[in-house]
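K.L.:
Read off the chains here:
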Amino acid sequence: MNILEFSFLSAVLTAMTPVVLAALGGLLCQVAGVFNIALEGQLLWGAFTAVVFSHLSGNAWIGVAGAVLATALYAAPLSVSSVTFRADPIVVAVGTNLLALGLTAFLMRQIFGSGGTYTSPGLAGLPTLAELGLDVPVLGPQSPVVPFALVLVAAVSWWLARTRSGLRLRGAGQHLDAAAALGLPVTAYRHGVVLAAGALCGLAGAQLALGNVTLFSEGMSAGRGWVAVVAVMLGGVRPYRVLLACLLFGAAEAVGFRLQGAGLPQQAADAAPYVITLLALVLAGVAARRRTKEAS
Amino acid sequence: GGGTGGPNASAAPDGKSIILITPNPVGTNSFLQLGVKGAEAAAKEIGASFKLYESKDPTSIAQNVDAAVRAKPTVIVGISFSFDDVFTTVPKQHPQQQFLQVDSCAKEQAPNLACVSFKEHEAAYLAGVEAGLLTKSGKIGVVAALDTPFIHRWIEPFFAGAASVKPDVAGTPLYVGGNNPFSDPARAKSQAQTLTDRGADITLAAASAGNQGVFEAVAATGAKAFGVDVNQCGQSAGNVVDNVLKHVDVAELAAIKEIVSGKTGGVKVYGLAEGGVGVGALSADVASSGCTVAASPDVITKVKQVRDDILAGKVTVADPLQS
Amino acid sequence: MGRVAGAAPVLAVVGALVLTTLVMVVVGVDPVLAYPALVRGAVADGNLEYTVAAFVPTLGMALAFALPLRAGEFNLGGDGQMAAGGVAAAGVALSVPLPAGVAVVVPLVAAGLAGGLVAGVSAPLRTRLGLPAIVTTLLISAPMVSLASYLVRFPLAEPDTGIAQTPLLPDAAHLPALTEGGYVTLGLPLIVLLTLAWLYADTRTVTGYEIRATGHNREFARYGGVPVDRLAAVTLAAGGAFAGLVGGLIVLGPPYRFVDGALTAPGYTFTAVAAVLLATARPIAVPFTVALLTVLQVGGQGMEREAGVPSQLTQIVQGLIIVIVAVVATVRHLRQRRAG
Amino acid sequence: MAVPADPAVPAVELVGVTKRFGSVLANDGIDLAVAKGEVHAVVGENGAGKSTLMSVLYGLHRPDAGHVLREGRRLRLRSPADAIACGLGMVHQRFRLFPDLTVAENIVIGAEPVRRGAVDRAAARRAVEELGERYGLRADPRARVGDLPVGVRQRVEILRALYRGAEVLILDEPTAVLTPGEASRLFEVLRTITATGASVLLVTHKLGEVLAAGDRVTVLRQGRVTGRFRTADTSADELVQAMIGRSLSSLEHRRDGGGPASGAYALEVRDLNVRDRDGVARLTGVSFGVRPGEIVGIAGVAGSGQRELIDTVTGLRTPGPGDSGEVLLGGATARRGREPGVAYVPEDRHGRGTAADMSLAENLLMGDQRATGRRTLPRAAVRARARDLVERFSISAASVDAPISALSGGNAQKAVLARELSRHTPVIVVEEPTQGVDVGAQERIHTLLAEARDRGQAVLLQSSELSELRLLADRVLVMFEGRVVAELNGATATEAALGHAMTGATP
Ligand SMILES: Nc1ncnc2c1ncn2[C@@H]1O[C@H](COP(=O)(O)OP(=O)(O)OP(=O)(O)O)[C@@H](O)[C@H]1O
Ligand SMILES: Nc1ncnc2c1ncn2[C@@H]1O[C@H](COP(=O)(O)OP(=O)(O)OP(=O)(O)O)[C@@H](O)[C@H]1O
Ligand SMILES: [Mg+2]
Ligand SMILES: [Mg+2]
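Protein chains in written order, with our numbering: chain Z, 1 to 296; chain C, 297 to 619; chain V, 620 to 959; chain S, 960 to 1466.
Don't take each hint at face value.
[Said to hold, decoys possible] Computed list of lysine to any residue pairs in SDA-like fashion (alpha-carbon distance at most 25 Å, straight line):
#: 1; chain 1: C; residue 1: 352; chain 2: V; residue 2: 886
#: 2; chain 1: C; residue 1: 368; chain 2: V; residue 2: 654
#: 3; chain 1: C; residue 1: 403; chain 2: V; residue 2: 651
#: 4; chain 1: C; residue 1: 432; chain 2: Z; residue 2: 262
#: 5; chain 1: C; residue 1: 559; chain 2: C; residue 2: 617
#: 6; chain 1: C; residue 1: 352; chain 2: V; residue 2: 663
#: 7; chain 1: C; residue 1: 368; chain 2: V; residue 2: 873
#: 8; chain 1: C; residue 1: 368; chain 2: V; residue 2: 667
#: 9; chain 1: C; residue 1: 352; chain 2: C; residue 2: 311
#: 10; chain 1: C; residue 1: 352; chain 2: V; residue 2: 749
#: 11; chain 1: C; residue 1: 368; chain 2: V; residue 2: 651
#: 12; chain 1: C; residue 1: 432; chain 2: Z; residue 2: 107
#: 13; chain 1: C; residue 1: 435; chain 2: Z; residue 2: 264
#: 14; chain 1: C; residue 1: 598; chain 2: C; residue 2: 583
#: 15; chain 1: C; residue 1: 333; chain 2: Z; residue 2: 5
#: 16; chain 1: C; residue 1: 553; chain 2: Z; residue 2: 8
#: 17; chain 1: C; residue 1: 352; chain 2: V; residue 2: 849
#: 18; chain 1: C; residue 1: 388; chain 2: V; residue 2: 654
#: 19; chain 1: C; residue 1: 368; chain 2: V; residue 2: 925
Just so you know, the hints here were simulated from the structure itself, not pulled from any lab data.
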């Protein structure tokens, strides 16, 4: 019983960590007033570069660092075109998402010699905390990136609420001209958040490809970047709410898996996280409405 | 810089050529990868050029078939059920053109359309026998990419095979689904973990690129997995019992050679009898296959016996596609 | 200004050409082979038919996104609305035997209604509960795709086949074809007519004016007596109806059945979103941006077939072109800003 | 460079500033010096170039020619940040605040006190409270700015400038959005500020304020300086002469026939009770009527229920469960939703009265789009109608197809009036008709309202300009805490009497 619950929690955490990290990137952009739907492509690029760097170096952490850097770099065209040239970030993101699919599949053939899936016993994956000597329930079977992601949510929340740069970023997102008039380097902020989102997606991709599993396969981001976008839409500019949205989604998904075993059709299991998220939103909306009604 | 369109870059005017059309981008789909492998091998063997047209939906399938017909190759190969519709009409309109459909056959078959199909269920049944003999918990599972009718040719026979040797065995199928069912190893791993959490100690992995995720999941808990289509034992040493083999490439190569040699049309079904499907345990080189079944000679013996029973008609494996 | 505006598309094309040529040369594809293959793949050798066949749903989905957008509502749930429309059309055509003519119209109407209903749900969620349409349309979309998939897999499934699809629709329900191949159907004139009607309504009718006013400033429109909530609902539902209709057109066209996944696999929804946003608030430009992206996609497949360009490379080229066009489309604004 | 003749160097000086926008010469060689400790007013017609000049001073626009001196030293102002660093501060007409940040955050942002890596919120609050104490600018440092009323938001803007050490404070039409009480409090604050040696540049259309609160005044006309006066030595007439090149004809707006209109009410409100979302009563037992050919004024301090009353009368308020009462138009109960028989000039020109990105012609159409009863909207007809209105109401606009945001504030206001008055509805509701509008246009607007009345339209006029009410209204209803507490005769009521009634004291 207990074990089942731990394993459930553990499964939700594993599944959602890449989403949480990507969503955190999306949230930073949202705070600064940039609507970032490029997360899906960046997540895929992060997964790919993580495997490439791990493969080349034989060290998973170099893979992680490489993915973070390479994906921040991959986000540069988005930041230049949407911030400097004021192109529509949604259109650019549609382009870079497509580009990531093609580029990873193409480079995969160049680097690993074949398409599809790349894995090898020699490919270094991230160690679990248990392997590092920290055998605690739930977190034990996770890579260190998982607790790090949770810490990061808290850190970003604190940073936004309490620090000088966090305050300025929030200001820039709410009234760009006013922030600029106060002498805040708003353009740098906007570039900064788009690149930071890239870095976070790199980390997310690294966790997906070296933490969740140890391999790269074409298109393995499999919509997680879009789930992250939805989480940002739901959670707005509040990191804990975004985390909550991710966990709700992940829990619904995990429940769906378990119910599939009891005969629930696959299509229903696929739909479950979306339906439950929507229901939660609607219930919250109805409750808020009732509260204002009762007041009068 | 590559292909400059020189005289030998593609098919010479009267040279032989093969065009393979897939219903989806090949990408991570292990079955389509095998199809490409078979066609490439055939092209090499008969000295033909080879081209791959990847489609994404029924319309692009039709467009690719059109374009292939215009190119007038020796054979146009279409792979899977998705070609049933186009191959019902197009071959009739182009009687001079030879067609080959792999894995299914159009309802109204023209004389210039050859078909090869497989009895995957026979091999899956044998794998199930192995699983039934090897499971300790009496719980086994399948992780499949998507709940299509076709995938049930692996699932039910696998469970039936297991039940044939261990009647109270409980089988649970899970489907990866989601946004990219054929290439979501993380989700497949999560599914496999769900199965191992519930006590399943043997899982058949039929999730294309997701299979590696399944292998990782069983490896972490000491459970075991089965692979599909090709020998996947080497991908996760010590964790894969055996594979449900489907020699698409071999069958395709043979079919193309027959067409080239003038034997056109017809349907060829590859089952255990024809050697088109099977499990690793049946092969002579099982010891070097890396599959853990090699360490259980009694299992191998039993599997061979069941195979013989099937061939002899003493055991019939129900085809889930035949309702 | 007029000159700059006119030059923008040219610049975009030139920029995209230069960059993609560079990519081709780097990865070893001969541009001299590839470009003609792209053009032929889209318009020559009988390929035009398929380009049109892709243009029709993309344009339809562009309307599905653009129509609510004019009223300030984002409809990102095109996939779900399209799937709902497709499955409704298939369900009606398979279960209700109808005489020729009506047999096409009734499923299409059902498709439009289904799509409209799915999108329309987002309207009260927006006006009553304050949930933005961009969130709810997206969230509703995925379960709708799953539902359609379920229906096609089980109750509506064709028996004895390996893939999830409905049986062939009765002949009477097949969309009349305008070409020999059957891929250019009555859907083309229908969508073109609807597009023209939308363009006309947008600029020349009271409703179009009220929709635009709502999109520009909701409070202003409300002040002017515009029923803004109702308009938002109507435009969302109408957008959904377009998406549903697209689903119906696909299903009633060859191969005359609902094949699971076939509606969403080509990615019409987001191609259309990109096309509409590229048109930067000028509805008249929408058919052209749709045509551009469709030619790129269909032609890209021609490039794969003829010039041996791998499909990954086509994706790379398409991605680059979208980014470049997006940038160049705004160079105009940039110049204005500098001048100011 | 000439050494200043005055012994005291000006706090700030603009020298030969020229700024051109395309073909518009917004500033044409303007010289202007602001002494330390003075309130220096800048007046002029709409479009005279006041805001442009202030923007140049604040580093928002770079002048095409000319420069800025600060205490005799030439500044290089590339951005507002430079201006802030040089001790300049500006309060824009449209506030530049961050709605989701607190008051304290809005004030310290850009120069936050920091303690151990984090913003020192306690120190920030203290700083805000101290500044507020010193200048009489109270604002709860923890409040979210988006929740605050306009007057308090303006205080936050001023506090921000002061916090950043502004010694020259630029205020662009600060009183346009304030009630008379808030305005007089603002001028007290400005006095406190100048008492410390700081200077204030005050852009306004209200000549009364100039004369009362200013020390010196510079008049702009078509981008040039047309007059410099000491307020002690000048008069409103003299200023007007400099601003528009003529005197205002002292029009008598009252009805020729005299005497109040009689007969049935065109608009009648019966026992209106309204509660807001939190259940607080906003209107209690409000009843009154407006007859054809009558102007009824509404006065009251902000938040006395004017907003709810007008939203109810115009049908823009979504009735809540706690609402009761009746609105009658021509004797019949008004329908739900926006009532076509009521023209309405809203106070919030940007949020409600116009759509900034739509063309002037399309803005002029709103409310009348269904008038023809046809479903089509021929573009030629829309344009022709717009040109006609532009002509009749002398709106100065380059083209009816350009977005309305290209119009100056005064002209945009005229456009809204033109649209609403031209509909010849039985009832017109007008809010703050002359806010942000120059004196010439004010006069024109007053004439238009009087003409509407004379045509037999019933006018409900809400204004915080008591002089405007006295000039136009036949009767003035004074509101306080959601009730009509007094009804005064517009012709005879003094501003003192009105002001007294607005505090809720019974006359
Ligand atoms: N950014 C700009 N681009 C183009 N023209 C401008 C711009 N800013 C101001 N103008 C024009 O310059 C002239 C002066 O405008 P400005 O805003 O300075 O007038 P103002 O005196 O502040 O008027 P108001 O009393 O209405 O506030 C006007 O004709 C205006 O239309
Ligand atoms: N024709 C114009 N084109 C572009 N910008 C303009 C134009 N006229 C004014 N502006 C800009 O608009 C901003 C607002 O100007 P200002 O503070 O004078 O408000 P306003 O014109 O009086 O409007 P309102 O009184 O309605 O608030 C200024 O920064 C000014 O530069
Ligand atoms: Mg101004
Ligand atoms: Mg103004």
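K.L.:
Given the hint that residue 352(C) pairs with residue 663(V), does the C-alpha gap stay at or below 25 Å?
P.N.:
holds (21 Å)
K.L.:
Against the 25 Å threshold, does the CA-CA distance of residue 352(C) and residue 311(C) hold or violate the hint?
P.N.:
violated (29 Å)
K.L.:
Could you grab the alpha-carbon distance between residue 598(C) and residue 583(C) and see if it respects the 25 Å cut-off?
P.N.:
Cα-Cα ~16 Å, so holds.
K.L.:
Quickly compare the C-alpha distance for residue 435(C) and residue 264(Z) to 25 Å and report which way the hint goes.
P.N.:
This hinted pair holds, its Cα atoms lying about 19 Å apart.
K.L.:
Would you mind confirming whether the straight-line C-alpha gap from residue 368(C) to residue 654(V) stays at or under 25 Å?
P.N.:
holds (22 Å)
K.L.:
Is the hinted pair residue 352(C) and residue 749(V) satisfied, with a Cα-Cα distance of at most 25 Å?
P.N.:
violated (38 Å)
K.L.:
What's the verdict on residue 368(C) and residue 873(V), does the C-alpha distance respect the 25 Å limit or exceed it?
P.N.:
Within the cut-off at roughly 24 Å; holds.
K.L.:
Do the alpha carbons of residue 333(C) and residue 5(Z) lie within 25 Å of each other, as the hint requires?
P.N.:
violated (45 Å)
K.L.:
Starting from residue 352(C), check that the Cα of residue 886(V) is at most 25 Å away, please.
P.N.:
Judged against 25 Å, a Cα distance of about 10 Å means the pair holds.
K.L.:
Holds or violated: are the alpha carbons of residue 553(C) and residue 8(Z) at most 25 Å from each other?
P.N.:
violated (53 Å)
K.L.:
Given the hint that residue 559(C) pairs with residue 617(C), does the C-alpha gap stay at or below 25 Å?
P.N.:
Violated - the C-alpha atoms of residue 617(C) and residue 559(C) are around 29 Å apart, more than 25 Å.
K.L.:
Given the proposed pairing of residue 368(C) with residue 667(V), does the C-alpha separation stay at or below 25 Å?
P.N.:
holds (20 Å)
Checked against the numbered hints given earlier, the structure breaks hints 3, 5, 9, 10, 12, 15, 16, 17 and 18 and satisfies all the rest.
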